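**Q** Here is what each chain is made of, one letter per residue.
There are 2 protein chains.
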Amino acid sequence: MRVEIITIGDELLVGQTIDTNSAYMAQGLNSVGLEVHQITTVSDKKDHILEALAAAEQRVDVVLITGGLGPTKDDITKHTLCTYFDTTLEMNEEILGRIVAFFTSIGREMLEVNRQQAALPKACVPLENLRGTAAGMWFERNDTVFVSMPGVPHEMKGLMDNQVIPRLKERFNTREIAHLSIMTQGVGESYLAEMIADWADSLPAMGISLAYLPSAGTLKLRLSKYGENGNTGLMTELRQKAEELVKEIPTIAYGYNEESLEEVVGQLLTERGETLSTAESCTGGLIAKFITSVPGSSAYFEGSVVSYSNRIKHAFLDVSESDLHEHGAVSKEVVEQMALGVRTKMNTTWSIATSGIAGPTGGSEEKPVGTVWLAVAGPQGIVSRKFMMGNDRRGNIKRSALSALNMLRIEILKEPFVN
Amino acid sequence: MRVEIITIGDELLVGQTIDTNSAYMAQGLNSVGLEVHQITTVSDKKDHILEALAAAEQRVDVVLITGGLGPTKDDITKHTLCTYFDTTLEMNEEILGRIVAFFTSIGREMLEVNRQQAALPKACVPLENLRGTAAGMWFERNDTVFVSMPGVPHEMKGLMDNQVIPRLKERFNTREIAHLSIMTQGVGESYLAEMIADWADSLPAMGISLAYLPSAGTLKLRLSKYGENGNTGLMTELRQKAEELVKEIPTIAYGYNEESLEEVVGQLLTERGETLSTAESCTGGLIAKFITSVPGSSAYFEGSVVSYSNRIKHAFLDVSESDLHEHGAVSKEVVEQMALGVRTKMNTTWSIATSGIAGPTGGSEEKPVGTVWLAVAGPQGIVSRKFMMGNDRRGNIKRSALSALNMLRIEILKEPFVN
Numbered sequence: 001m002r003v004e005i006i007t008i009g010d011e012l013l014v015g016q017t018i019d020t021n022s023a024y025m026a027q028g029l030n031s032v033g034l035e036v037h038q039i040t041t042v043s044d045k046k047d048h049i050l051e052a053l054a055a056a057e058q059r060v061d062v063v064l065i066t067g068g069l070g071p072t073k074d075d076i077t078k079h080t081l082c083t084y085f086d087t088t089l090e091m092n093e094e095i096l097g098r099i100v101a102f103f104t105s106i107g108r109e110m111l112e113v114n115r116q117q118a119a120l121p122k123a124c125v126p127l128e129n130l131r132g133t134a135a136g137m138w139f140e141r142n143d144t145v146f147v148s149m150p151g152v153p154h155e156m157k158g159l160m161d162n163q164v165i166p167r168l169k170e171r172f173n174t175r176e177i178a179h180l181s182i183m184t185q186g187v188g189e190s191y192l193a194e195m196i197a198d199w200a201d202s203l204p205a206m207g208i209s210l211a212y213l214p215s216a217g218t219l220k221l222r223l224s225k226y227g228e229n230g231n232t233g234l235m236t237e238l239r240q241k242a243e244e245l246v247k248e249i250p251t252i253a254y255g256y257n258e259e260s261l262e263e264v265v266g267q268l269l270t271e272r273g274e275t276l277s278t279a280e281s282c283t284g285g286l287i288a289k290f291i292t293s294v295p296g297s298s299a300y301f302e303g304s305v306v307s308y309s310n311r312i313k314h315a316f317l318d319v320s321e322s323d324l325h326e327h328g329a330v331s332k333e334v335v336e337q338m339a340l341g342v343r344t345k346m347n348t349t350w351s352i353a354t355s356g357i358a359g360p361t362g363g364s365e366e367k368p369v370g371t372v373w374l375a376v377a378g379p380q381g382i383v384s385r386k387f388m389m390g391n392d393r394r395g396n397i398k399r400s401a402l403s404a405l406n407m408l409r410i411e412i413l414k415e416p417f418v419n
Numbered sequence: 001m002r003v004e005i006i007t008i009g010d011e012l013l014v015g016q017t018i019d020t021n022s023a024y025m026a027q028g029l030n031s032v033g034l035e036v037h038q039i040t041t042v043s044d045k046k047d048h049i050l051e052a053l054a055a056a057e058q059r060v061d062v063v064l065i066t067g068g069l070g071p072t073k074d075d076i077t078k079h080t081l082c083t084y085f086d087t088t089l090e091m092n093e094e095i096l097g098r099i100v101a102f103f104t105s106i107g108r109e110m111l112e113v114n115r116q117q118a119a120l121p122k123a124c125v126p127l128e129n130l131r132g133t134a135a136g137m138w139f140e141r142n143d144t145v146f147v148s149m150p151g152v153p154h155e156m157k158g159l160m161d162n163q164v165i166p167r168l169k170e171r172f173n174t175r176e177i178a179h180l181s182i183m184t185q186g187v188g189e190s191y192l193a194e195m196i197a198d199w200a201d202s203l204p205a206m207g208i209s210l211a212y213l214p215s216a217g218t219l220k221l222r223l224s225k226y227g228e229n230g231n232t233g234l235m236t237e238l239r240q241k242a243e244e245l246v247k248e249i250p251t252i253a254y255g256y257n258e259e260s261l262e263e264v265v266g267q268l269l270t271e272r273g274e275t276l277s278t279a280e281s282c283t284g285g286l287i288a289k290f291i292t293s294v295p296g297s298s299a300y301f302e303g304s305v306v307s308y309s310n311r312i313k314h315a316f317l318d319v320s321e322s323d324l325h326e327h328g329a330v331s332k333e334v335v336e337q338m339a340l341g342v343r344t345k346m347n348t349t350w351s352i353a354t355s356g357i358a359g360p361t362g363g364s365e366e367k368p369v370g371t372v373w374l375a376v377a378g379p380q381g382i383v384s385r386k387f388m389m390g391n392d393r394r395g396n397i398k399r400s401a402l403s404a405l406n407m408l409r410i411e412i413l414k415e416p417f418v419n
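Just so you know, the protein sequences line up as chains A and B, in that order.
Take 1 as the starting number for the first sequence in our numbering and just add one per residue.
Take 1 as the starting number for the second sequence in our numbering and just add one per residue.
Next up, chain A with everything else stripped away, as it sits in the complex (with noise of 0.2 Å):
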């Protein structure tokens, strides 16, 4: 089965926005199966968007609209396709409930182009959309499937997870095919390649693909397998490799599929009623941020000093003067008074605290932008490292709140805990 993917956005053809929704896509149907045959942008121009419907029909059995959804007069997306299916618009009642509700919630006005987007194409099944005003529509023709979507990326992934993949699936009878990611963190991915080549090369012969899909911090191992229709066997095969794998690098391999180093750690947190603090100068908030995003978190996660200044390091976290003189505040020294200081201040089990120089400036020759010291302390004390980073600020403080969970990750599975 071949699938074509259609963005539509003017603001994609100047290059003021780039297409991360296809991408995604490409993935989420990749996942069951689905091979995207093209990409193909155009303009926000009715003519433009009727030539490459037509041209996608002749090429593939799935065609995914996004963008050109909105309530604004530059959206013309819906009534393209309408002239395309030959059909006219229909105030949907339904959708018109969701979208009032939604209003309602947020406590805002209704417009009547908000109204207008309950109107859809009579041909269409519509998909809700759980993030926004914009329903997502599904309509076939000749065995071909059409699926429009709003081009925001947050609502379109809601619909490509909750309607568009599980209905392709149900649709056409794809093969079998099984994922499995294993999340690492800490270790680049050349030298990755090198600490597993053993367990990778096992892999072929048992049918697994490995592919290295690597980001700011993170790096996924994905594993995949092949199989035919009503093969269900083949998850059981990959979670037997990767754990594995896991086993042989616990330190660095840390969760599976798209988990993240905060919801692992609030897990353990969770399950062994602790509690934790930070105490953040570099990473300004950033770990505060992942640990937060994590619904629940409030359980476990008392607060957090950022200590952006000398200043507050002292007074908020009773980090030593002279301490903070002689060695500077990206120390050793610093680092583990900033997490006692949180910990005891705070009174939680666990903290981390980071010192850093994320640059571009503010380094120097014996301590050079990307020089980053993280510390935890826990139960039995304190453990600090130094880390040697890049020169690209946002990556530096993104993979220093990366390592410095994991480093907390490491020492909470090293402490005893029975339920």
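Because the hints were derived from the structure by calculation, they are not lab data.
The structure presented is a predicted model; accordingly, all values stated were derived computationally and were not measured.
It is possible that some hints are incorrect.
It does not matter which identical chain is meant; a pair holds if it fits inside one copy or across any two.
[To be verified] The calculated lysine-lysine pairs, modelled on DSS-like cross-linking and capped at a C-alpha distance of 27 Å, are:
{"hint": "1", "residue 1": "220", "residue 2": "78"}
{"hint": "2", "residue 1": "157", "residue 2": "398"}
{"hint": "3", "residue 1": "157", "residue 2": "220"}
{"hint": "4", "residue 1": "241", "residue 2": "45"}
Given chain A, put chain B in place with the hints provided.
**A** Only chain B this time, still in chain A's reference frame:
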């Protein structure tokens, strides 16, 4: 003059790589008045590339191709171009000399596959690649120009800037074009469209087009205008119309082009020599993270107390225990005490505080999920405001942080300041 971009590579179709090249190329083309009509992404298969080339030749005057020029065997663009233009490869001694020199300069052994990179189609004009070994190729047929470049972003950029853009400018008598974006925060797309309807209605008569580009928490209004070659006044016209609007909605419009609120706030504080601290509950450190993502923010940002629990709100920020008990953490009383507390304790000119129910749990009938209180304290006292956000935790946290930064911006601008 219309351009089509063809990007070649299986890695784009399986979603492992996000296509950032097209946006870069589009911006460059726009800057010389060339309009990108379509972007087409195809696989590394010869037939598919040939089909895309033929379709593009029907549609446009210029076809820019990236990808498939590396030395490894899955790169077949060069052979496909020979087929398409009915020509053969020929060793180009000048390019070969450059490749030899390149390998000498980096001290690596040159392989036969690298030598083969100097074999180019007879029908093309080679374009020098100063950043790698794959030359660019310029073809012309029946008034259509085809340019092939490597897909490595760094090499493509060098070729675009130094070769392709100057040659296209010379080859075509290009139109001028200008773009200017106005950044806004605090009002949704449809509501803003109503607010600024009169202003927006005045644009078409001036030949200016308007597009709404929303993302979580902010909304970008992009103005565009085309003009004859040599018309250098386009940007002045856009700037004038933009300033008109900014004067009309100063609390909503906060900046131009890709400016972020944290950059705008950082610039204001820097100019005034003022400082900032934050006390964050529901935003969990995100405001601090935004502020510290700006290089040089340590000059005005002292730090933050992320007070996720009530205990920390009392112990670190002096929030009254009886008010926490009586009004709850998500209340005007508590958020104002948080702002005043952190401002006093960190001794800053300004402070921001947040307290809300991000969800998905923790809501009640009186205070449903999405209820957020924000406060800003400064030299003249304190302001606070209640917001009703939606049901999505991540969205609520981000919109709370951006709304708080915009509240701060508005309060700073109210405050008289003499340099």
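**Q** Now tell me, hint by hint, if it's right for this structure.
**A** Structure-based check of each hint:
In this homomeric assembly, residue 220 and residue 78 come within 27 Å of each other (Cα to Cα) only across copies, at 22 Å, whereas the closest approach inside a single copy is 38 Å. Taking the shortest Cα distances, residue 157 and residue 398 sit within 27 Å of each other both inside one copy (23 Å) and across copies (17 Å). When the C-alpha separation of residue 157 and residue 220 is checked against a cutoff of 27 Å, the pair qualifies both within a copy, at 20 Å, and between copies, at 21 Å. Taking the closest pair of Cα atoms, residue 241 and residue 45 come within 27 Å of each other only across two copies (25 Å); inside a single copy the shortest separation is 48 Å, beyond that limit.
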